[in-house]
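Enquirer: For reference, the chains in residue letters:
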Amino acid sequence: MSTLSPENWKEISPYLDEALDLPEEERASWLEVLRASKPDLAHLLDKLLEEHRALSHERFLERAPAPNADESALRGRTVGPYTLTSLVGQGGMGSVWLAERSDGRFERRVAVKILNFAVTAHGGVERFKREGQILGQLAHPNIAELIDAGVTGRGEPYLVLEYVKGKQIDEYCDEHMLGVDARIQLFLDVLGAVSHAHANLIVHRDIKPPNVLVSGDGKVKLLDFGIAKLLADDTNLGTATLLTLESGGALTPQFAAPEQLTGGAVTTATDVYSLGLLLYLLLTGNHPAGPGPHSPADLLKSVTETDAPLASQAVAASNDVASAERRGATPEKLRRRFRGDLDTILAKALKKKPAERYPSVAAFGDELRRYLAHEPIAARPDTLSYRLRKYTRRHRVGVAVATALVLLLAGFMLIQTMELRRITRERDRADRIADFMTSIFQVSDPSETVGNSVTARAVLDKASTDIETGLSKDPEVQARMMYTMGMAYLNLGLYSRAEALLGQSIRIAGSAGGREKRETLKSTQKLAWTLFNEGRFAEAESQQRKLLVVDQRVLGPEDHDTVGVKGDLATTLSEEGHLAEAEEMQREVLEQQKRARGPEAYFTLVSMNNLASILIHEGRFAEADKLEREAIEIKLRVDGPENLSTIHSMMTEAAIEADMGELDESEKSLRQLLELERRVLGPNQPEIALTVYELATVAAKRGRTEEALSLLRQAIDIGLRPAEAVEMGEDPGLKALHGDPRFAALVAKAKERAASQKSN
Amino acid sequence: MDATERGDTSAADALFSALYSELHRLARRELNRHGFPITLSATTLLHQAYVEVASGGTSFPDRARFIGYAAKVMRGLIIDYARSRSAQKRGGQFEITSIGTEAGDAADHRELSQISEALDDLAKVEPNLAEIVDLRFFCGFTFAEIASLKDISERTAQRQWEKARIYLHRRLASELNM
Chain E
1 MSTLSPENWK
11 EISPYLDEAL
21 DLPEEERASW
31 LEVLRASKPD
41 LAHLLDKLLE
51 EHRALSHERF
61 LERAPAPNAD
71 ESALRGRTVG
81 PYTLTSLVGQ
91 GGMGSVWLAE
101 RSDGRFERRV
111 AVKILNFAVT
121 AHGGVERFKR
131 EGQILGQLAH
141 PNIAELIDAG
151 VTGRGEPYLV
161 LEYVKGKQID
171 EYCDEHMLGV
181 DARIQLFLDV
191 LGAVSHAHAN
201 LIVHRDIKPP
211 NVLVSGDGKV
221 KLLDFGIAKL
231 LADDTNLGTA
241 TLLTLESGGA
251 LTPQFAAPEQ
261 LTGGAVTTAT
271 DVYSLGLLLY
281 LLLTGNHPAG
291 PGPHSPADLL
301 KSVTETDAPL
311 ASQAVAASND
321 VASAERRGAT
331 PEKLRRRFRG
341 DLDTILAKAL
351 KKKPAERYPS
361 VAAFGDELRR
371 YLAHEPIAAR
381 PDTLSYRLRK
391 YTRRHRVGVA
401 VATALVLLLA
411 GFMLIQTMEL
421 RRITRERDRA
431 DRIADFMTSI
441 FQVSDPSETV
451 GNSVTARAVL
461 DKASTDIETG
471 LSKDPEVQAR
481 MMYTMGMAYL
491 NLGLYSRAEA
501 LLGQSIRIAG
511 SAGGREKRET
521 LKSTQKLAWT
531 LFNEGRFAEA
541 ESQQRKLLVV
551 DQRVLGPEDH
561 DTVGVKGDLA
571 TTLSEEGHLA
581 EAEEMQREVL
591 EQQKRARGPE
601 AYFTLVSMNN
611 LASILIHEGR
621 FAEADKLERE
631 AIEIKLRVDG
641 PENLSTIHSM
651 MTEAAIEADM
661 GELDESEKSL
671 RQLLELERRV
681 LGPNQPEIAL
691 TVYELATVAA
701 KRGRTEEALS
711 LLRQAIDIGL
721 RPAEAVEMGE
731 DPGLKALHGD
741 PRFAALVAKA
751 KERAASQKSN
Chain P
1 MDATERGDTS
11 AADALFSALY
21 SELHRLARRE
31 LNRHGFPITL
41 SATTLLHQAY
51 VEVASGGTSF
61 PDRARFIGYA
71 AKVMRGLIID
81 YARSRSAQKR
91 GGQFEITSIG
101 TEAGDAADHR
111 ELSQISEALD
121 DLAKVEPNLA
131 EIVDLRFFCG
141 FTFAEIASLK
151 DISERTAQRQ
161 WEKARIYLHR
171 RLASELNM
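Protein chains in written order, with the numbering used here: chain E, 1 to 760; chain P, 1 to 178.
Simulated from the structure, these hints should not be mistaken for laboratory data.
Be aware that a few hints might be false.
Unchecked claim - Pair by pair, the computed Cβ-Cβ distance ranges are: (1) E:321 - P:121: 38 to 44 Å; (2) P:121 - E:26: 28 to 34 Å; (3) E:11 - P:117: 50 to 56 Å; (4) P:121 - E:265: 31 to 37 Å; (5) E:740 - P:120: 30 to 36 Å; (6) E:321 - P:120: 44 to 50 Å; (7) E:133 - P:120: 29 to 35 Å; (8) E:46 - P:121: 21 to 27 Å; (9) P:117 - E:735: 26 to 32 Å.
Claimed, not checked - Stretch-level coverage of chain P by chain E, calculated; a stretch enters the list once three of its residues show a Cβ under 8 Å from a Cβ in chain E: (10) 125-135; (11) 155-168.
Even for Gly, the Cβ is constructed at its ideal location relative to N, Cα and C.
The task is simple: from the sequences and hints, build the whole structure.
Expert: Structure representation (structure tokens):
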């Protein structure tokens with residue numbers, strides 16, 4: 001065998017073209033004809049074609065895992081009762097042919113998919129056929145029927161499928177310029193098909209636009225159900241990660257769920273994720289990773305680490321007018337359309353953790369139907385649950401008394417005044433109290449003093465230790481003092497101490513026969529509220545429900561304390577996700593407050609705030625926003641801007657703006673607020689720390705990392721409440737900082753501070 | 001690129017080495033981003049190279065021409081890596097073996113070099129065929145992608161590939177005195 005000279009090659013090249021274009025079986029007769037006129041050339045061609053067969057067989061330059069069926073050799077071949085007629089498509093995994101029945105019994109045209117690898121594993125052929133039969137039983141109008149599955153004589157598995165003539169769903173939607181609702185409607189058909197398969201215990205595993213076709217009359221057809229599994233089981237592909245299959249085309253990392261890339265269990269939740277991606281693509285026009293091309297590394301990171309940007313933010317960021325037009329809208333209209341419910345629904349379907357997604361495809365579908373019917377959706381906005389806990393804490397602390405220090409002093413003053421009145425009647429008692437008061441201010445241990453001044457905290461600590469013995473002869477006063485100190489600890493965020501003191505106060509008052517006294521009931525309310533603050537929601541709820549019954553009986557349903565307990569219970573229920581009951585209860589509270597105190601009273605406004613929080617939980621941003629603005633307006637009019645409760649409302653409003661993606665407005669509000677707080681509250685108050693913290697989240701969302709880090713550092717130095725400090729690392733608002741070692745260091749520092757605060 | 005088209009050899013050399021280092025840089029960046037050895041796809045690298053080079057303001061007549069040229073550069077890169085990998089045996093954390101690129105899996109850089117030489121011969125006779133081999137064998141493009149890149153039918157792309165294989169097979173076999 002010798003190298004072909006350039007001259008030889010040039011002469012033979014056109015003939016080779018001709019020969020290679022012919023089906024294998026026609027080549028011999030073609031050569032015969034040529035041999036008559038050009039025997040030498042025909043001889044060389046014959047040898048070259050034979051060599052071609054050999055090199056194809058040895059897979060020269062195509063060392064893929066198994067024999068790659070030589071496409072031209074396949075044409076006209078029969079596979080089972082089908083004859084391959086023309087090549088429809090070809091990918092790394094194999095080729096798809098249009099085929100007809102060879103026996104002419106049916107006119108039906110089918111698609112035959114021949115896979116590019118050999119089934120060699122023991123029992124592989126049988127298993128492939130068996131699984132194929134199971135898949136064949138999937139009968140659903142929106143699923144392309146799998147007619148047959150088998151293995152060719154050469155060991156290549158093949159699948160015979162219903163031939164579907166149609167467009168990819170995304171292209172179909174764009175061509176028909178379907179609007180958002182119409183796209184969701186069409187997508188619901190896809191969900192129906194997948195749900196049917198799941199009911200038959202079959203997971204698709206590879207849902208992506210090329211597998212979802214829409215015929216000319218608008219009917220959805222899903223292709224390749226369960227085939228990924230079939231492949232994975234019968235080859236060693238199952239152990240390979242998707243990334244290594246990147247251009248092999250078996251599975252598409254772009255549409256893979258995180259667990260498919262990280263080797264986690266593939267379940268129905270995997271399909272929920274891919275369906276979420278598909279809907280995201282249909283609605284926004286882009287993959288969450290943004291327009292391609294993507295390197296495998298970027299994709300891996302995008303799928304496993306980065307949460308998809310909110311759909312509303314994605315359309316705003318790309319600002320693609322042409323793409324919006326294909327949805328009968330403008331980018332701005334789409335942004336507003338997606339903001340809220342659709343953002344929430346997509347985020348839930350696209351959760352990294354399978355357990356956090358919709359529990360089933362059917363639940364996903366129900367949610368979308370609720371959305372289309374303008375009913376409240378079930379999913380809670382993702383970024384909010386965390387932030388909302390902060391709102392509630394803030395308001396509640398605001399309701400009680402402004403800051404711990406104020407409360408501490410007020411508490412002691414209250415007691416003093418209260419006791420002074422009695423002193424005139426009971427000198428003995430007055431003396432005891434006077435002694436006690438004197439003793440607690442005699443803090444002599446130098447470690448408990450800062451410079452020459454005694455810290456309020458040191459006083460409180462000493463008092464709470466002394467009170468157990470100091471006033472035991474006067475249980476009524478003792479219980480009252482313990483309540484006041486418990487409240488002081490509650491407001492300082494030192495919950496275990498608050499819990500102990502409040503509990504003790506209730507016990508002492510109870511054994512002194514005051515179980516159903518207003519003061520004791522109030523202590524019980526605060527104890528339940530302490531449990532709420534510790535995150536022990538179920539215990540808090542149970543105590544609040546019992547207390548509400550007692551309060552209604554003893555104090556009456558319209559009593560201020562009774563209404564207060566009801567409001568607390570509503571907040572607990574909201575935190576537990578029982579939103580309907582919470583909302584109903586909070587609306588009652590609001591009405592009661594309006595009746596009892598008037599529409600512009602402080603507690604009425606607090607109720608409005610709390611109702612707004614529940615509405616946000618329910619994803620009803622517009623209503624919440626309206627309520628909150630109404631409250632701020634009243635507060636500005638009644639109390640003026642330099643008032644703590646006005647400040648609290650403005651904080652909530654700024655946070656709502658941030659969650660709604662209105663970062664400019666949010667930042668502006670926060671800066672105004674900060675200035676106000678510094679003027680009104682003085683430096684280093686927890687409110688200020690929170691506002692600075694909120695500013696940090698806005699900076700983080702805008703990608704201003706340095707600024708965000710510096711603001712966080714300030715917030716920690718000023719003093720975050722333990723609850724915020726502990727959860728800082730998980731705050732979705734700071735997601736942009738994750739992975740930055742400086743952020744990790746700040747989280748550690750915040751936690752350390754929180755721990756030292758708690759253990760004290 | 002304009003200079004290349006006029007046949008200015010030194011400009012072509014400069015372009016070759018510029019592209020070579022660009023692809024090298026992209027590959028390294030991908031690796032650094034992760035800090036562990038990953039498998040890179042030549043296809044992806046080429047697309048990325050195009051995006052970066054094109055957005056850098058350099059003018060190329062079109063993407064097809066760029067990719068065709070870059071594919072040849074990629075061939076050199078792959079062979080170099082195969083060589084360095086065999087030299088290091090261990091610790092060679094750099095791999096451009098794309099799945100779908102059979103070349104990457106061929107561990108023996110000498111064999112790759114032989115193919116490369118044969119390919120250079122083929123390029124003298126039928127440059128079109130050689131380009132198809134670069135795109136498919138060294139860069140892992142599918143026939144469909146090659147067809148759309150070169151604006152030919154898939155069938156033509158496939159036939160040219162078969163022809164190229166015949167040429168190369170014969171050329172390599174002769175070298176081994178078969």
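Enquirer: Hint by hint, note whether the structure agrees.
Expert: Evaluation of the provided hints:
no.: 1; hint: E:321 - P:121: 38 to 44 Å; verdict: violated (52 Å)
no.: 2; hint: P:121 - E:26: 28 to 34 Å; verdict: holds (31 Å)
no.: 3; hint: E:11 - P:117: 50 to 56 Å; verdict: violated (23 Å)
no.: 4; hint: P:121 - E:265: 31 to 37 Å; verdict: violated (52 Å)
no.: 5; hint: E:740 - P:120: 30 to 36 Å; verdict: violated (49 Å)
no.: 6; hint: E:321 - P:120: 44 to 50 Å; verdict: holds (49 Å)
no.: 7; hint: E:133 - P:120: 29 to 35 Å; verdict: violated (52 Å)
no.: 8; hint: E:46 - P:121: 21 to 27 Å; verdict: holds (24 Å)
no.: 9; hint: P:117 - E:735: 26 to 32 Å; verdict: violated (52 Å)
no.: 10; hint: 125-135; verdict: holds (count 3)
no.: 11; hint: 155-168; verdict: holds (count 9)
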